[in-house]
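> Sequence:
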Amino acid sequence: MPLSPVSHVSPAGQHDRKPTPSNTIGNISMAPNLAACQHALIHDMILAGYKNAVVARTANCRASSVRRIRANMRCYGSTKAPPNGIGRRRLLSPPMLTALLDRLAVKPNMYRDEMVEFLEKEFETTIPASNIGRSLRSARWSRKTARRVAKGRNADLRDYYLYKLSFYRSYQLVYIDESGCDRRVGRRRYGWAPKGVTPVQIDRFHRDQRYQILPAYTQQGILHYDIFSGSTDSAKFEEFIEQLLHHCGKWPEPNSALVMDNASFHRSSVIEQICEDAGVKLLYLSPYSPDFNPIEEFFAELKAFIRRHWHENEHFIQIDFASYLEWCVNRVGSRQESAKGHFRHAGVEIEEPPERDAPSRQNAIN
Numbered sequence: 001m002p003l004s005p006v007s008h009v010s011p012a013g014q015h016d017r018k019p020t021p022s023n024t025i026g027n028i029s030m031a032p033n034l035a036a037c038q039h040a041l042i043h044d045m046i047l048a049g050y051k052n053a054v055v056a057r058t059a060n061c062r063a064s065s066v067r068r069i070r071a072n073m074r075c076y077g078s079t080k081a082p083p084n085g086i087g088r089r090r091l092l093s094p095p096m097l098t099a100l101l102d103r104l105a106v107k108p109n110m111y112r113d114e115m116v117e118f119l120e121k122e123f124e125t126t127i128p129a130s131n132i133g134r135s136l137r138s139a140r141w142s143r144k145t146a147r148r149v150a151k152g153r154n155a156d157l158r159d160y161y162l163y164k165l166s167f168y169r170s171y172q173l174v175y176i177d178e179s180g181c182d183r184r185v186g187r188r189r190y191g192w193a194p195k196g197v198t199p200v201q202i203d204r205f206h207r208d209q210r211y212q213i214l215p216a217y218t219q220q221g222i223l224h225y226d227i228f229s230g231s232t233d234s235a236k237f238e239e240f241i242e243q244l245l246h247h248c249g250k251w252p253e254p255n256s257a258l259v260m261d262n263a264s265f266h267r268s269s270v271i272e273q274i275c276e277d278a279g280v281k282l283l284y285l286s287p288y289s290p291d292f293n294p295i296e297e298f299f300a301e302l303k304a305f306i307r308r309h310w311h312e313n314e315h316f317i318q319i320d321f322a323s324y325l326e327w328c329v330n331r332v333g334s335r336q337e338s339a340k341g342h343f344r345h346a347g348v349e350i351e352e353p354p355e356r357d358a359p360s361r362q363n364a365i366n
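Following the UniProt record's numbering, the numbering of the sequence shown begins with 1 at its first residue and continues without gaps.
Derived from the structure by calculation, the hints contain no laboratory data.
Check the hints yourself; a few may be wrong.
Stated by the list, open to error - Straight line, CA to CA, 25 Å or less: simulated DMTMM-like cross-link-like pairs of lysine to aspartate or glutamate:
no.: 1; residue 1: 164; residue 2: 253
no.: 2; residue 1: 144; residue 2: 124
no.: 3; residue 1: 340; residue 2: 226
no.: 4; residue 1: 107; residue 2: 124
What the hints assert, rightly or not - Pair ranges (Cβ atoms, derived):
no.: 5; residue 1: 84; residue 2: 49; range: 27 to 37 Å
no.: 6; residue 1: 49; residue 2: 108; range: 43 to 53 Å
no.: 7; residue 1: 140; residue 2: 195; range: 22 to 32 Å
no.: 8; residue 1: 316; residue 2: 193; range: 25 to 35 Å
no.: 9; residue 1: 70; residue 2: 167; range: 55 to 65 Å
no.: 10; residue 1: 73; residue 2: 351; range: 47 to 57 Å
no.: 11; residue 1: 253; residue 2: 162; range: 17 to 27 Å
no.: 12; residue 1: 80; residue 2: 167; range: 46 to 56 Å
no.: 13; residue 1: 349; residue 2: 288; range: 18 to 28 Å
no.: 14; residue 1: 114; residue 2: 149; range: 14 to 24 Å
As the structure is a computational prediction, the values presented were derived from the model and not from experiment.
Glycine included, C-beta positions come from ideal geometry on N, C-alpha and C.
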């Protein structure tokens with residue numbers, strides 16, 4: 001803290017004011033803080049290979065300051081050391097946290113006690129589970145629902161699918177898949193209750209009639225769909241494709257390429273023949289790759305919409321559940337921005353159909 005100026009009386013009786021240096025504490029003179037331009041100059045000269053004495057003279061500072069800055073650059077990569085943390089020193093050191101995060105990247109479903117055992121085995125120290133939780137939060141890691149990936153997924157086949165997909169434009173793609181549901185789809189998993197009390201819902205536990213939702217999905221939303229009771233087989237799927245082709249264009253027009261997974265009834269010779277006769281391309285997803293199909297996110301959004309509007313339409317649902325499903329599919333299937341977002345999440349770059357398509361890209365897969 002700067003000291004007040006000291007007055008001196010000259011022999012002539014005049015007062016001479018001699019200010020004490022601002023960085024003086026008692027009789028100890030402290031070096032002034034270096035300016036940002038001095039830090040930059042010292043940084044550049046150290047990198048250029050100059051010795052401490054030369055750098056100190058050029059930057060007009062002490063050689064000890066240059067040595068300290070050189071040490072900071074070696075340890076922290078900067079001319080200034082990071083500020084000291086406030087509070088107690090963390091039990092979970094940075095190397096321990098890094099090792100734990102690397103382990104969680106491989107095995108993300110570990111319990112807290114398993115993390116404690118892992119750190120005890122690797123570093124021979126016991127870290128409380130609560131301390132691990134705080135450290136994970138400070139590293140911006142959180143516990144969430146894990147996405148399951150099939151062990152049979154093949155990276156080479158996934159890359160090959162993406163290679164084939166690159167020859168298509170987004171407005172040409174029509175994704176097809178089916179999803180089954182019954183009245184249990186309207187169940188809500190969470191409810192309100194006082195603390196210590198489990199919320200209870202009165203519901204039927206027996207299976208109800210099951211319906212299949214079979215849509216064709218484009219970047220503009222649902223192009224065509226069918227809802228029926230029972231299950232999907234080859235005959236039903238071939239009938240749906242035959243109806244869908246009336247809504248498709250001929251290659252390379254918009255909606256002229258059907259994309260579906262590798263289910264056995266998707267690859268029938270009948271489907272291949274009627275698509276070829278209609279001038280429509282067929283593209284099959286790589287095995288175990290639902291993340292490449294934007295219709296999966298559509299189904300998730302659809303079922304959330306069904307649950308959201310279930311109570312207000314409960315009487316209608318009891319009378320005609322299939323009609324309620326149709327209403328939900330029409331509402332969610334008309335959300336163009338959602339559809340484009342689902343396409344982007346599936347790795348498809350959104351393009352709007354031009355007046356005339358470029359011939360080079362069309363001929364690449366003919």
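> Run every hint past the structure and note whether it holds.
Okay, the hints, checked on the actual structure:
Taken as a hint, the residue 164 and residue 253 pair is honoured in the structure, with Cα atoms around 18 Å apart against an allowance of 25 Å. This hinted pair does not check out: residue 144 and residue 124 have alpha carbons roughly 29 Å apart, beyond 25 Å. Restraint check for residue 340 and residue 226: satisfied, since their Cα atoms lie roughly 22 Å apart, inside the 25 Å limit. Taking the CA atoms of residue 107 and residue 124, the gap is near 21 Å; set against the 25 Å cutoff, the hint holds.
Checked against the hint of 27 to 37 Å, the C-beta distance between residue 84 and residue 49 comes to roughly 31 Å, which is consistent with it. Range check, residue 49 to residue 108: about 47 Å between beta-carbon atoms, so the 43 to 53 Å window is met. Taken as a hint, the range 22 to 32 Å holds for the pair residue 140 and residue 195, whose Cβ atoms sit roughly 29 Å apart. Distance hint check: the CB atoms of residue 316 and residue 193 are about 28 Å apart, consistent with the given range 25 to 35 Å.
Evaluation of the 55 to 65 Å hint for residue 70 and residue 167 yields a pass: the beta carbon distance comes to about 56 Å. A beta carbon spacing of about 48 Å between residue 73 and residue 351 agrees with the range 47 to 57 Å that was offered as a hint. With their beta carbons about 23 Å apart, residue 253 and residue 162 fall inside the hinted range of 17 to 27 Å. For residue 80 and residue 167, the hinted distance range of 46 to 56 Å is satisfied, since their beta carbons lie about 53 Å from each other.
Distance hint check for residue 349 and residue 288: the Cβ-Cβ separation is about 23 Å, which falls inside the suggested range of 18 to 28 Å. At about 21 Å, the beta-carbon gap between residue 114 and residue 149 stays in the expected band of 14 to 24 Å.
In summary, the structure is inconsistent with hint 2 from the numbered list given earlier, while agreeing with all the others.
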